[in-house]
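Protein chains in written order, with my numbering: chain H, 61 to 435; chain Z, 79 to 416.
Check the hints yourself; a few may be wrong.
Simulated restraints on C-beta separations [claimed, not checked]:
| hint | chain 1 | residue 1 | chain 2 | residue 2 | range |
| --- | --- | --- | --- | --- | --- |
| 1 | Z | THR414 | H | ASP253 | 56 to 62 Å |
| 2 | Z | ARG123 | H | THR360 | 35 to 41 Å |
| 3 | Z | ARG303 | H | ARG287 | 36 to 42 Å |
| 4 | H | PHE278 | Z | ARG306 | 51 to 57 Å |
Okay, the calculated bits of chain H under chain Z, using three or more residues with CB under 8 Å as the criterion [stated by the list, open to error]:
| hint | segment |
| --- | --- |
| 5 | 61–68 |
| 6 | 319–332 |
Keep in mind that the hints were calculated from the coordinates and are not lab data. All C-beta atoms, glycine included, are put in the ideal place defined by N, C-alpha and C.
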Amino acid sequence: MDLDLSAVEPFRAEVRAWLRAHVPATPLPSLETEEGFAAHRAWERELHAARLAVVSWPREYGGRDATPLEWLVFEEEYYAAGAPGRVGQNGINLLAPTLFQHGTPEQLARILPPMASGEVIWAQAWSEPGAGSDLASLRATATRADDGWLLNGQKTWSSRAAFADRGFGPFRSDPQAERHRGLTYLMFPLDADGITRRPIGRIDGKPAFAELFFDDVFVPDRDVIGRPGEGWRVAMSTTGNERGLTLRSPGRFLAAADRLLELWRAHGDPADTALRDRVADAWIKARAYRLKGFETISRTEDVGAESSINKIFWSELDLALHETALDLLGPDGELAGEWLEGYVFSLAGPIYAGTNEIQRDLIAERVLGLPRTGR
Amino acid sequence: MRFILDAEQKLFGETLDKLLTEAGTPGVVRDWAAGTHEPGLALWRSLAGAGVLAIAVPEHAGGAGLLPVELVTAFHELGRHGAPGPYVETVAAAVLLDRLGDQPLTGVRGDGPLAAAWLPRIAEGTAVVSLTLPPAVPYALDADTAHLVLTADRQVLHTATPREPYRSLDPARRLFTVVPGDVPASGPAVAVAAAEAYDMGVLVCAAQLVGIGRRLLEVTVEYARTRRQFGRPIGEFQAVKHHLANALVGLEYARPLVHGAALACGSPDFPREVSAAKVAASEAAYTAAKIALQVHGAIGYTDEYDPTLLIRKARTLHTAWGSPTTHRARLITTLTRI
Ligand SMILES: Cc1cc2nc3c(=O)[nH]c(=O)nc-3n(C[C@H](O)[C@H](O)[C@H](O)COP(=O)(O)OP(=O)(O)OC[C@H]3O[C@@H](n4cnc5c(N)ncnc54)[C@H](O)[C@@H]3O)c2cc1C
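So that you can see chain H by itself, here it is in the shape it has in the complex:
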């Protein structure tokens, strides 16, 4: 398929003009704090009012039916403008695609509009203390009750769950079934009776994630996604989104690479060719990621397991880019600021969304066709 880059220029101009008029002049407080969370939620509302919160969604749910190319362009403009991080991202990028694929019309109509407006912010509740990379070993349970389910057990590392409104994740509904079977995918309010939330400070102390304890938390049937017992399949259908383009669009890295180049211009020592080469590499890789994005949306076939290649690439690029910035800043690299915030965030990229070791296994087995072995 041909991509008509000039045809999206009016859209680009509209987005750029709106952002120029609305992006806060000073950065909002960190997304990973209570105060920052509230400020970012307010920003989501503003974006939504301009129909820019979820451009690629259908109009009826608050989007504009934007094409994938328009979405990429939106993202480029968004990050180039230095607009705030997306507090609603886990709902928008991880839950919504699952609902589009497996949700009922009633669920779509009920859940998507308040997600788009930032009124309801979602947290992903997959991981457990004993189930990280080996997610299928999860033990939190969903037990059948009248017209619904009772949740028990523990989830952890749930991003921003300390401040978010609702959560989603797989629970074991059939203790007899083999690992990947007998799971059910459910949604629940984080302030429900029986849920205890404990914030966990991340590496820089900010309460970025939370542990969740479930004690007979009731969930009605209408909050099951897909069929009971098919939770693994439902969950896995979104991992492509998490690892693929949607979670980390090229615009984010292009903007960061341009800022790195600015930093090099302002502070770089021309004699430091080793650092200069790292700046060049960051720029080249951000560019490669953009072109690869164009390639991906030009293809008609599903990228499938290839999303694992993507995940390794962006997570390593993000980290290298921010490390280079801190090195460039020298003694100022450790000081609180946007580069440091970005660095701390980038440190986690190789861990979440399936660790890069697991991705390498998946690439070897599912893309290259090497023998599968037990993990």
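Dock chain Z with the ligand against chain H, hints included.
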């Protein structure tokens, strides 16, 4: 804009793949290295027959028009099979001659004849050309096989005569210093044309590197599936899997840069885009080559084994047509120019 190949371009690549497979290219490479050039020149002619060189020559000069995306498609296949000979140099020379044909020259012999005489022959595959573009390209590859050797040194274009060759890590690459002779053209136009020739050479060299890396990954995956140690295929070992996954990640992101640079041909961004492509392609191919060697063990270290031909070539092209460091420096200079 098309960021993926269309059906016709894909078919072109497949045709070349078939042609190079049927020609028994590894044997041709070994002959070439031993100084027996005829099979390599025959392959040159059949590749030209399939259009590989016509796409570097404009229509008015007897070619199919300069088609950068088709060129990188072709060079990807030349890379995959390790075809020997100065293909990159001939394409660069075609750009050089064509650009000079357009310019009013202040040369001793005036304009025209050189381009008019050689471009149609390049297109049809009856002229093999080598060249140097000092300082970036100081040696004329396989100049002993060339019908025309050029050297464009800043503002002066010379025809040139090769001296004794140096031996390369890749025995199928023989590198000649040259003695400058006649001056068919001189003046600023030569420097401009040489710069464009250089960029095109860098681009097709990058495409060749990606092809080399791809092929090395393919054969190494196959080897890892069949070679058994400790009672199982070595491809079951996670360390081996991760090596191969890393090779793929690098190559998967080098290819779009090469394609993107081809699309930028003719725009002011072309030099910077080809530099980005060459850095990524060099790093990815050279990494794939080292991984191929490691995963093969000792057999990969032997002269007899066909993939070794590509392992050696990956290393030589890593620094030919500008090393990654050279291109990173050029990229940063371009990007930070106010
Ligand atoms: C910033 C951040 C945000 C997160 N947000 C969320 C969230 O919102 N919701 C949520 O549910 N989870 C979230 N997570 C958790 C994340 O999904 C897990 O950290 C991840 O799945 C890895 O699990 P683990 O931490 O238990 O590590 P483990 O699985 O214990 O792995 C530890 C190490 O062992 C390696 N390893 C494990 N198995 C293998 C194997 N078979 N082969 C080779 N190496 C292996 C891993 O690669 C890793 O290096 C988040 C994590 C971070 C860091």
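- So the hint says 36 to 42 Å: do the beta-carbon atoms of Z/ARG303 and H/ARG287 match that? holds (37 Å)
- Regarding H/PHE278 and Z/ARG306, is the given constraint of 51 to 57 Å on their beta-carbon distance met? holds (55 Å)
- Quick one: see if chain Z covers the segment 61–68 of chain H, three-plus residues with Cβ-Cβ under 8 Å. holds (count 5)
- Note whether the CB distance of Z/ARG123 and H/THR360 lies within 35 to 41 Å or breaks it. At roughly 38 Å between Cβ atoms, H/THR360 and Z/ARG123 fall inside 35 to 41 Å, so the hint holds.
- Task: Examine the segment 319–332 of chain H: at least three residues should have C-beta closer than 8 Å to a C-beta of chain Z.
- Result: Holds: 3 residues of the segment 319–332 of chain H have a Cβ under 8 Å from chain Z.
- Message: Just to be sure I understand the hint, the distance between the Cβ atoms of Z/THR414 and H/ASP253 should be within 56 to 62 Å; is that true here?
- Response: holds (59 Å)
Hint check: no violations occur; every hint is consistent with the structure.
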